[in-house]
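2 protein chains.
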Amino acid sequence: MTTTGRLTWKELLQRALDSNSHLKHSSFFQLSTLGLNGSPSNRTVVFRGFEDNTDRIHIQTDNRSRKVLELRNRPVAEICWYLADSWEQFRINGTVEIIDSSNPNSHRLQQRERAWYTCSLRSRMQYLGPAPGLPHLIETEHSSCQYSLDPSEGPVGTFCLLVLDPEEIDYLNLKNNSRMNFTCSKGPREEKCWTVKMINP
Amino acid sequence: MTTTGRLTWKELLQRALDSNSHLKHSSFFQLSTLGLNGSPSNRTVVFRGFEDNTDRIHIQTDNRSRKVLELRNRPVAEICWYLADSWEQFRINGTVEIIDSSNPNSHRLQQRERAWYTCSLRSRMQYLGPAPGLPHLIETEHSSCQYSLDPSEGPVGTFCLLVLDPEEIDYLNLKNNSRMNFTCSKGPREEKCWTVKMINP
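First to last, the sequence lines map onto chains S and D.
Per this note's numbering, the very first residue in the first sequence carries number 22; after that it's consecutive.
Per this note's numbering, the very first residue in the second sequence carries number 22; after that it's consecutive.
The set of hints was computed from the structure by calculation and includes no laboratory data.
Nothing false has been slipped in among the hints.
Only some residues are given here: those of chain S computed to face chain D with a beta carbon under 10 Å:
hint : residue
1    : A98
2    : N114
3    : L158
4    : D191
Note that the structure is predicted; figures quoted are calculated from it, not measured.
Each residue gets a CB set at the ideal place from its N, CA and C atoms; glycine is no exception.
Please take these sequences and the hints and turn them into a complete structure.
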């Protein structure tokens, strides 16, 4: 990743995360996708880190959620990440890979398993609940289900890892009123080559 | 607006804004649109209030920005508004009307003018700058332009009011783990009728 003498977008983002780390919600960003009805769709999700030594971004979700349906239909998304204390915004556009239990790639399945074990038990329990977005049935004393989960048990079927592969980044710094556009092309060995230009804020 | 005994979504939002008003960025939300290249587009914008006695949401922007191009092409958007202190999220989907100086409706032009005068002088000056998103030219001492603006002067040509007319709201409360879906239909006199249902978070 080269940015001709300046920080890369990933270094800018890591610096921003450091300087906003006292804000509990600094790891939250908004992920927009294409709705099945042709309208945009937008929701808050949690940053689960970069994939080892890459700039790919991990997100966890329930494979019964609408975003997974939308991403199966059109695997493209844009993250909007506003860091409230440093007044920085990262818009990260890219393609999204969906890794659920049916993934044929054993390395991908291992990543999914590792992601599962990094979750708190409370987070894992959510994947055992009723399907998100469906009508909520009031549970009576008799019908209420009690879920239980062995902490050593691997990922349940609904647990899904999303991997966003960034292709374009729009970085805005409201403190010094500067804005940069990072775009990606592929080098001779299929490696990512980034170029950056200053654009008007 | 009826929600059968519960708070309306607008009342929920106003309550959330009150309880988060100590956060400077509580009036910021993410607006997603459909990119011209078929990919989603997502950026942070500022809530400029509701239109008088309605649930329509005002946003201000530069008519040279990419979002305006995208909205001219497809006038649909989804707001994702996360209120960090109360752990509430509002996803507000609707159509967007673009009100610039060429708008044929005199009432709309008045609204645009009123919106302009509610802006700080500093905000107004931004509309005199170079086109957002274009390559940034380093200004030399000789070429640098000094903009000046008479505070009594009406809206400049690049000032644009966006009016989002909500049609569906997804409300999530992470503190009590509840979620509601509000949908809108038109009544006999074209008035909006809202229905709400509890859905699984």
